[in-house]
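Taken in order, these protein sequences are the chains called A and B. By the count of this note's numbering, the first sequence reaches residue 551 at its end, each step adding exactly one. By the count of this note's numbering, the second sequence reaches residue 319 at its end, each step adding exactly one.
Mixed in with the good hints, there may be bad ones.
FRET-style restraints, in silico, Cβ to Cβ [claimed, not checked]:
| hint | chain 1 | residue 1 | chain 2 | residue 2 | range |
| --- | --- | --- | --- | --- | --- |
| 1 | A | G299 | B | I133 | 25 to 33 Å |
| 2 | B | D73 | A | K225 | 50 to 58 Å |
| 3 | A | A397 | B | M241 | 26 to 34 Å |
| 4 | B | S151 | A | S283 | 34 to 42 Å |
| 5 | A | K471 | B | K60 | 15 to 23 Å |
| 6 | B | K60 | A | G240 | 18 to 26 Å |
| 7 | B | N166 | A | R181 | 35 to 43 Å |
| 8 | A | R181 | B | M241 | 18 to 26 Å |
| 9 | B | L128 | A | S283 | 43 to 51 Å |
| 10 | B | S74 | A | N355 | 23 to 31 Å |
Calculated lysine-lysine pairs in the DSS-like style (CA-CA distance at most 30 Å, straight line) [unchecked claim]:
| hint | chain 1 | residue 1 | chain 2 | residue 2 |
| --- | --- | --- | --- | --- |
| 11 | B | K199 | B | K75 |
| 12 | B | K113 | A | K356 |
| 13 | B | K113 | B | K60 |
| 14 | B | K75 | A | K362 |
| 15 | B | K60 | B | K75 |
| 16 | A | K407 | A | K296 |
Since the hints were derived computationally from the structure, they do not count as laboratory data. This one's a predicted model, so the numbers in the text were calculated from it and none came from an experiment. Where is the CB? At the ideal position from N, CA and C, for every residue including glycine.
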Amino acid sequence: MPSKFSRRDFLKFGTVAAGGTVVATYIGLPSVAAKDALGTAQFEGVTLVVMYPDGEFPQEYRDQVKNEMGIDIEFLQEDLNRLTAMWAAGEAPDIWRANALQIGPHVVRNQVLGLNDYVDASELIKWDDLQPAAKQHMFDGVVRGSGTLYGLPKDWGTDFLVFCYTDAFAEAGVDVPSPDSPMSYDEFFALAAQLTKSEGDRTLRWGGTSHYWENGPGPQFLLEILPQIAGAEALYSDDFSSVNLSNNPAVAEVFNKWLEAAKAHIAPSVIDPMPSWFGQVFTQGTLGMAQAGYWYGAQAESDITRDKVVVLPAPYWVSPETRTDSSVWATATVGSSRTANPDATWKVIEYYSGGQPAIDRALQGWGVPLLKSMFDMLPQDTPYNQQRYAILASELAVAERALGYNPYVSEFTEAASLIQQALEGSISAEDALSQMESATNEAIRDTIDRLA
Amino acid sequence: MTTRASQRRWMDTRSGREAAAFYLFISPWLIGFLVLTIGIVIVGLLITFSNYDGLMPLEQVKLWGLRNYERLATDSKLPNVLLNTLWFTLVAVPLGITVQLGLAILLNRKGLRGKGIFRTLFYIPSIMPLVAVVIAFQILFDKNTGLVNAVLSLVVPGTAINWRLGDNIRWVLIMLSVWASLGSGMVIFLAGLQGIPQELKEAARIDGANGLQVFRRITLPLLSPVIFFQLIIGIIFSMQVLMQPLLLSAATSGYGGRSANLSLQPVASIYMWNNHAVYEIFGNGRYGYGVILLWIMFIFVAVLAFIIFRTSRYWVFYDNE
Chain A
100 MPSKFSRRDF LKFGTVAAGG TVVATYIGLP SVAAKDALGT AQFEGVTLVV
150 MYPDGEFPQE YRDQVKNEMG IDIEFLQEDL NRLTAMWAAG EAPDIWRANA
200 LQIGPHVVRN QVLGLNDYVD ASELIKWDDL QPAAKQHMFD GVVRGSGTLY
250 GLPKDWGTDF LVFCYTDAFA EAGVDVPSPD SPMSYDEFFA LAAQLTKSEG
300 DRTLRWGGTS HYWENGPGPQ FLLEILPQIA GAEALYSDDF SSVNLSNNPA
350 VAEVFNKWLE AAKAHIAPSV IDPMPSWFGQ VFTQGTLGMA QAGYWYGAQA
400 ESDITRDKVV VLPAPYWVSP ETRTDSSVWA TATVGSSRTA NPDATWKVIE
450 YYSGGQPAID RALQGWGVPL LKSMFDMLPQ DTPYNQQRYA ILASELAVAE
500 RALGYNPYVS EFTEAASLIQ QALEGSISAE DALSQMESAT NEAIRDTIDR
550 LA
Chain B
-1 MTTRASQRRW MDTRSGREAA AFYLFISPWL IGFLVLTIGI VIVGLLITFS
49 NYDGLMPLEQ VKLWGLRNYE RLATDSKLPN VLLNTLWFTL VAVPLGITVQ
99 LGLAILLNRK GLRGKGIFRT LFYIPSIMPL VAVVIAFQIL FDKNTGLVNA
149 VLSLVVPGTA INWRLGDNIR WVLIMLSVWA SLGSGMVIFL AGLQGIPQEL
199 KEAARIDGAN GLQVFRRITL PLLSPVIFFQ LIIGIIFSMQ VLMQPLLLSA
249 ATSGYGGRSA NLSLQPVASI YMWNNHAVYE IFGNGRYGYG VILLWIMFIF
299 VAVLAFIIFR TSRYWVFYDN E
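Chain B with its partners taken away, still in its complex shape (with noise of 0.2 Å):
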């Protein structure tokens, strides 16, 4: 009775009536989130105790006890994939924060024609289908029939390159990931470059400072959150690439000519951590196993967010600071 009574008189305040109305407004999320995303976490981990290959009913399904967790002992493609993924990573999300941040400087600069166009035009790659962009890189660098080899061609003639094979195809997926990303990226550099206030690169100027000085120490650090928020969501999606290694290798003879599948194994050199888990679920029917392996990914990648985090305070300049 005294409980009810002080709900009641809770509820009739201001507070607790915001209260339960925010919570009303996020429960059909929180309720999504609850069942579609951690009850699907907790059902993946429980696979990872199983023998679940993926054609069984659940009752054939039985604990496996730790036999999945054994086999990352003795997986011999482990450092390899780990490797590739971080090497990955460490090309791609430099180069491409870079390009994009160097497209949206020339785009911010005053005067400039057709900016709306130039906008458009650099984002077009963001929307495009991933396959069709694959498809578009496939005829662009086909060994034979390709354009880039014809270009090469003209400087040293009879040129040949197989881009689909060795570190070829590395930097084939780097210029992939690159452009793909590159008008998302750029407009939210050309946003965080329109927040900086004028004065403060005119008072710099006055003063004396250059170009390059203006953009050292005024543009980039009060650009420092942008480039943080871009540096830890290319983390993110570097690490757990999966598509484009998979599209890209199926296009290639001897794996290819099947349709891009995700038992599929890429070409060794851009075999991916994310494509060796999938590869073990769809592959080789090892789902517990292979759901222990993106676990490894999840967990990776948030310690190596929580270090970046970290050592944000270092190199991160807020306005409020």
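In isolation and in its complexed conformation, chain A is listed as follows (with noise of 0.2 Å):
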């Protein structure tokens, strides 16, 4: 008969066992090696977790950071519900991309690495060589452009830009702005207005659009145009506990002209809707002007509109003295504040944001780089990429101010559904903007109480 194994048989055992998995994890513990004045095996052993779209962090840049620095990555797919997955149980990655409007709410959470004393001492990156979208990742407390940088933009752009299909002009007997000189938002939408081609109840071609409208009326166009007018309320209290829009004529302007330019079917609208979204109707040419980023640039020519497109600088609302045109989205790289290694947390980002991924990313024009010195890599190998690239230079002087983006909600609270109303005439654009105004200001309390 086989003798038992006893209790005390099992603990011996487990402790043999025990111990033998401790030594062997101590010999096979890689060691950090100290840093390597040429960067390799400085971060060896080091893993880090990389969320990214695959097509922006390629295998052969994982590669390059692996054999010249040494740091392996787990890279993941771009996933925002998993990245809130992840965030809800500890394990954030230790890298992954944020935009204007998605970086603030982290940056309230104490959720992003600090990456000031990195840029002191960057070789890579220095603080005159940045572009100004990097200030839509500086925050001072919660208000952005200076302070504290949390994320270096990659291919952003001046995000207010005009795109023009010239065929429509040339059938409505109108003559395409110069590029020179900027118009104004008035000439925009007269312009619109001659551009629309209509069949009864059918519209053939809408004059023009914003992608801000389009994407449902967000605070993205105000925070660019209010500052232009002398006297404007600031859309968001100091503290950015509130949001004014009620008792704010300068916002009534701007709301009312777009409601104006839909209700008159000039601009797609809920009441009019366009078939897919602004880009693909541009390119279908059925639609006059498009007001988008730079990026939209790569994709404004089609078998359509090649050769037929012209690209005018952002249009002002009172003078051309007080003209701007921000960036809106200004997508970023971003570590986690909780990163095992900050160190090899900001060389990544700093490789991606200065180094090859970033040479690779200018020359092939879809967005302007983060250092000034790769402006000119940008391509101006056709007409059409010369011009866009006239103008984005040209827009770079108005593009410093960093759009003021509440940190507790990045929308207006039931927008698209007011707007709805309003353009139906179920009710007035005062009351749109008073009941969008309560509904996101409750939406602001909620998150502060939260946080509290």
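Two chains, two frames, a set of hints: combine them into the complex.
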């Protein structure tokens, strides 16, 4: 009869096994080598979790990080739902990307890594070489534009350019405005009215729209326009605890202009919807003017619109002298404040923002590089790209302002629903703004309460 | 000692072994159900008493008492989303069942050629991805370039109905839902129809009953268990509709250009209860309040199903009765 495996035997065996495991682990434990002047093996054995779209952080970059810095990249395909779950579980990635609307909530929750000390010591990233879009990721408390830098933008652009389909102008018998002098918003809406083509109740071509109107009216274009209007009330209170939409004549002026354009079927809206997003409708030749960022330039040409697109500078609301053309999204690479290795995290961010990946992106022309010194790498191989480059170069002079997004809410709560009601006529524009203000202030208060 | 001995004796019995085998085989499902369903539901219930907003790590989550529940009294959207959901259920479910049954009856006819082909064609909507279906409906119902308005223009020239707003988008949603559920419902009804003994119908015909009488007196009563099943399933799915209103709305300018995401509020006339719950969670970060709304819907549907079960004794006839 076989002997029984007693508890004493189990304890003996378990102790030996555990001890062996500890010894093996200790022997096998990778050591972080001392800083190497050449950078090789500097972070040997370090693994960082990077969440990014696969096409923007391909294997060759991960291999380069491994070869030059010794850092292993555990790559995750970007997924906002997964990112949220990871944050809830306390296992946030070390590096991910966040745009200017997304970074604020992370900052007020102390979730992102401050980069000032790293930039101070960096050989690649210099403060005076940063383009204005970096300000979207600088926070002094909850106010952005200065203070601590939390992210380094990648392919950004001035986001209020106007892309014109020249055939629409020719059909309407209207000259395309000169790219050398910006037009006013009044001129934009007047031109859009002339470019609109309809047949009975059918709209054959909309005159013009804005990316920020189409996506459900949000704070983006208000934050761009309001500072241009002398005496305009600020959109948010100083501490961002409330929004001012109803007692704000400048806001009413901007909203009413867009509402009137939509009611006249000059701009698409819920009462006259486009079959697809503005980008595709423009390339189909059924949109005369589209306000969007530099990024759209890479997609604006199709078989229909090829060689028929002119890029104009951002319009102004009051005068050319007050004109601005800031970056709206300024999508950036950010690091987690809870990373186990902040130095390695910075190294990868620095590499991606100022190293070979940044050079590759600049050469492809998807957006403006972070660094001023890389600006001239933007493509100028075709007349269209030359025109885009020239406009962009001139727009950078008016791209200094950081749009002051609220870190507690990124949109106006219920905006799309209320604008729909205003367009249908069931409520007035003033009522829509008033209700939008109430709903948004409630959402802000809720967030502040939850974080308290 | 006595307990072990009696357990050993029970395990040695046939019923004991069968019971053990049963629990062994269902244990994977049971463990999954307990952990991934019941466990999640309990966590959800706990969230309703917390300040969790989807971004904060667990150490920042605090108990919040009944603050999330107090919002039920002040949320002005609730009557509208409840009415929209009830309207959708009251229209989509009977209409869907009627169409599915009608198609099944047509396919059940004797001597119908190409039955298999028709069955396949009618089933295709059930296997098509929802996003592809919505895109197709967008194209068909587009105000300016859609086929529907083009056909209507043949009758009334210049027709340019905006199908993506107001009552119009409600009917597009109904058409989309009925079309998408066509195949699966039809197959179930077809199986039910084929289970009805032909002798009963023949006997009725010999006794002088016409087609309609045979349908009313024989087919429908014997089909009532299937109708009952479809009714319950239809109500459960319709009351919990989420993606169709979201996808239809995301296609609309002023809402879209943006992709359909859970932080989108659908167009007002198709803003359903679950859309509101999900908007509160992902749009406003009110996880606790959103989960409360989901719990309310669960209880509502459970009560509704219970009532229908109780009434079934009056109109559902089983073979063994």
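Pairwise beta carbon distance, A/A397 to B/M241, judged against the given window 26 to 34 Å: 32 Å, holds
Is the distance from the Cβ of B/D73 to the Cβ of A/K225 consistent with 50 to 58 Å? 51 Å, holds
Just to be careful, I want the Cα atoms of B/K199 and B/K75 compared with a cutoff of 30 Å; is the pair within it? Answer violated: B/K199 to B/K75 is near 52 Å, above 30 Å.
Does the Cβ-Cβ separation between B/S74 and A/N355 fall within 23 to 31 Å? 25 Å, holds
When you check the alpha-carbon spacing of B/K113 and A/K356, does it fall within 30 Å? Status violated; Cα separation ~59 Å.
Are B/S151 and A/S283 spaced within 34 to 42 Å by their CB atoms? 39 Å, holds
Please work out if B/K113 and B/K60 have their alpha carbons no farther apart than 30 Å. The hint is violated at about 61 Å.
Given the hint of 43 to 51 Å, is the C-beta distance from B/L128 to A/S283 inside that range or not? For B/L128 and A/S283 the Cβ distance comes to about 45 Å; the hint holds.
In this structure, is the beta-carbon distance linking B/K60 and A/G240 contained in 18 to 26 Å? 23 Å, holds
Lying within 35 to 43 Å: is that true of the beta-carbon distance B/N166 to A/R181? 37 Å, holds
Taking 30 Å as the top limit, are the C-alpha atoms of B/K60 and B/K75 close enough? Holds, at roughly 27 Å.
Within 25 to 33 Å or not, the Cβ separation of A/G299 and B/I133? 26 Å, holds
In terms of the numbered hints stated before, the structure departs from hints 5, 11, 12, 13, listed from lowest to highest.
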